[in-house]
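Going down the list, the protein sequences come from chains A and B. Just so you know, we're using my numbering here: the first sequence kicks off at -11 and counts up by one. Just so you know, we're using my numbering here: the second sequence kicks off at -11 and counts up by one.
Possibly wrong hints are sitting among the right ones.
[To be verified] One side only, chain A facing chain B, incomplete, derived with CB under 7 angstroms: (1) Ala(-2); (2) Asp17; (3) Pro20; (4) Gln21; (5) Pro23; (6) Ile48; (7) Leu73; (8) Pro99.
[To be verified] Restraint ranges, calculated between C-beta atoms of paired labels, are given here: (9) B:Arg31 with A:Asp41: 35 to 41 angstroms; (10) B:Val83 with A:Met(-11): 39 to 45 angstroms; (11) B:Ser82 with A:Glu(-5): 37 to 43 angstroms; (12) A:Val18 with B:Arg60: 30 to 36 angstroms.
It should be emphasised that the hints constitute simulated quantities derived from the structure, not laboratory data. The beta carbon of each residue, even a glycine, is placed where N, CA and C say it ideally should be.
Number of protein chains: 2
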Amino acid sequence: MICIFCEIAARERAARIVYEDDRVVAFHDVNPQAPVHILIIPRDHISGPLDVDVANEGIIGHLVAVAARIARQEGIADNGYRLVLNQGRDGGQSVFHTHLHLLAGRRMTWPPG
Amino acid sequence: MICIFCEIAARERAARIVYEDDRVVAFHDVNPQAPVHILIIPRDHISGPLDVDVANEGIIGHLVAVAARIARQEGIADNGYRLVLNQGRDGGQSVFHTHLHLLAGRRMTWPPG
């Protein structure tokens, strides 16, 4: 099955990439929900947060570290941001390749959806 | 300064703990925003997601792996869940000890706040 995020990671599909390293790629969400809305994905295909365990938790932590780096790069570190991972139907997951949402540029409200 | 989450991790403050290991503690949020609303925190004090870097990203990934384990334990794995980390004012961060929100038991909406 074609995975659009694997394709973006492989540069086979266009995306507005803001950061990449050997383990992750970050790009603008095509349906932004805030003035800044960036997705950070592992290059390795992990279906969702439910598939994270001791074997691959390191890469998930790296997504959060990269979010901090991007926050500084984008000038949103001081005001803050929200990070979201969705799993399955109740989480509202739409693409089944784990992606960390980084949302900023406005005051996020509570509850988080 | 007193950190209430450090106190919970040290068992010096009461909380409805659902899981703990040598690195993390998980307990019910006192202000639930969904039928299931659990906070997962590192025992080590990390102020927020902005303070995550290569040195401590491993523990943050572990929070997500523990969320998957708790999801199975609580019977919410199949329907899914949302994970949230808030940083600073725009993120709506209220306690300055990093905590991963695990929300489930209803369909979470979009945008995430």
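Which of the numbered hints above does this structure break? 1, 2, 3, 5, 9
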